[in-house]
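Put chain B on the given structure of chain A with help from the hints.
Number of protein chains: 2
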Amino acid sequence: MNSDQMNDLLQTHIPLCAFMKLTVTLLTPDSIKTTAPLEPNCNMHGTGFAGAQYSLAVATGWALVHNRLDVAGAAGQLVVKEATIHYDRPVTDVMELAANIDVSMTDHELINQLAGKGKVRIPLIVNISSKGKRCGYLEASYVVVA
Amino acid sequence: MNSDQMNDLLQTHIPLCAFMKLTVTLLTPDSIKTTAPLEPNCNMHGTGFAGAQYSLAVATGWALVHNRLDVAGAAGQLVVKEATIHYDRPVTDVMELAANIDVSMTDHELINQLAGKGKVRIPLIVNISSKGKRCGYLEASYVVVA
Chain A
1 MNSDQMNDLL QTHIPLCAFM KLTVTLLTPD SIKTTAPLEP NCNMHGTGFA GAQYSLAVAT
61 GWALVHNRLD VAGAAGQLVV KEATIHYDRP VTDVMELAAN IDVSMTDHEL INQLAGKGKV
121 RIPLIVNISS KGKRCGYLEA SYVVVA
Chain B
1 MNSDQMNDLL QTHIPLCAFM KLTVTLLTPD SIKTTAPLEP NCNMHGTGFA GAQYSLAVAT
61 GWALVHNRLD VAGAAGQLVV KEATIHYDRP VTDVMELAAN IDVSMTDHEL INQLAGKGKV
121 RIPLIVNISS KGKRCGYLEA SYVVVA
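Protein chains in written order, with UniProt numbering: chain A, 1 to 146; chain B, 1 to 146.
In isolation and in its complexed conformation, chain A is listed as follows (with noise of 0.2 Å):
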């Protein structure tokens, strides 16, 4: 799946996704970034809103983890179990989201790890930044269910 591709997924199928304006401008095997302006995303003081950062992370871990799963031919649904969320420093401006994924385990792997056990669970960190700063970041954990 390309970025193009990614794109319209996340904006035909989550509304919210739409309403944010996530975008995503790389997607390989094993990495992601994703921007999103700050106008539909903001709070009442102007800066980045608490829950728009959390929904554009996950998304953005999302999107990775799926491509991930795509790229490996694995079937599964994907959903995350739980998050932790960190904010550092108000967002100001244009967000970027960027996370990387455990190469670690090959296709193989993860297809064998998936019908033996069932499931697959894939921790992420996504970073949230703005202007160049990194202003908090997020911690998921993603499982697949065969």
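No lab work stands behind these hints: they were computed from the structure. Worth double-checking, as some hints may not be accurate.
Here are some of the chain A residues that sit facing chain B, going by a computed Cβ distance under 8 Å [unchecked claim]:
(1) Pro-15
(2) Leu-38
(3) Cys-42
(4) Ala-50
(5) Tyr-54
(6) Asp-70
(7) Ile-85
(8) His-86
Cβ coordinates follow ideal geometry from the N, Cα and C atoms, glycine included.
Same frame as chain A, but now just chain B:
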């Protein structure tokens, strides 16, 4: 502040809250109940989007703490520092959110701590239910800075 005033505050100043149709149905100095329809808050499976559930919960908690400060006559900036959300079962219908605040701190103590330490940390749990069953909950740490 009553429910209608809080609805105005949230929906006028936080675009995401307006889009999600977050509605405050009960607001007292120590409790809040809110609701939101599934449609703007769904994912591609037609169940509640993880990001929407978080956003509704963090805004619900924010509104409760904001009102607590308002009732106490305390002035300060209210932010969320970190939060963890747990997803236990899919949301398949209207979402109902509820939270209670620790009432052991009097208005006087709240104002004194804010003046003395320059900040007050207020942890909160926001429950997310649908069709009478708890689907998940948010543990959020809000901080009021003088």
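Do the hints match the structure? See the list:
Given hint, Pro-15 of chain A at the interface with chain B, holds; its Cβ is 5 Å from that chain's nearest Cβ, closer than 8 Å. Annotation: Leu-38 of chain A was flagged as interfacial toward chain B, and the flag is violated, the nearest CB pair being 10 Å apart, outside 8 Å. The interface hint given for Cys-42 of chain A is met, as the beta carbon of that residue sits about 7 Å from the closest beta carbon of chain B, less than 8 Å. Taken as an interface hint, Ala-50 of chain A checks out: its beta carbon lies about 5 Å from the nearest beta carbon of chain B, inside 8 Å.
With 8 Å as the threshold, the beta carbon of Tyr-54 of chain A comes within range of chain B, its nearest partner Cβ sitting at about 5 Å, so the hint holds. Contact between Asp-70 of chain A and chain B, as hinted, is not supported at the beta carbon level, the nearest pair being about 14 Å apart and thus beyond 8 Å. Interface restraint check: Ile-85 of chain A against chain B, minimum CB-CB distance 6 Å, threshold 8 Å, status holds. The closest approach between the C-beta of His-86 of chain A and any C-beta of chain B is roughly 5 Å, which is under the 8 Å cut-off, so the hint is satisfied.
Consistency note: the structure conflicts with the earlier hints numbered 2, 6.
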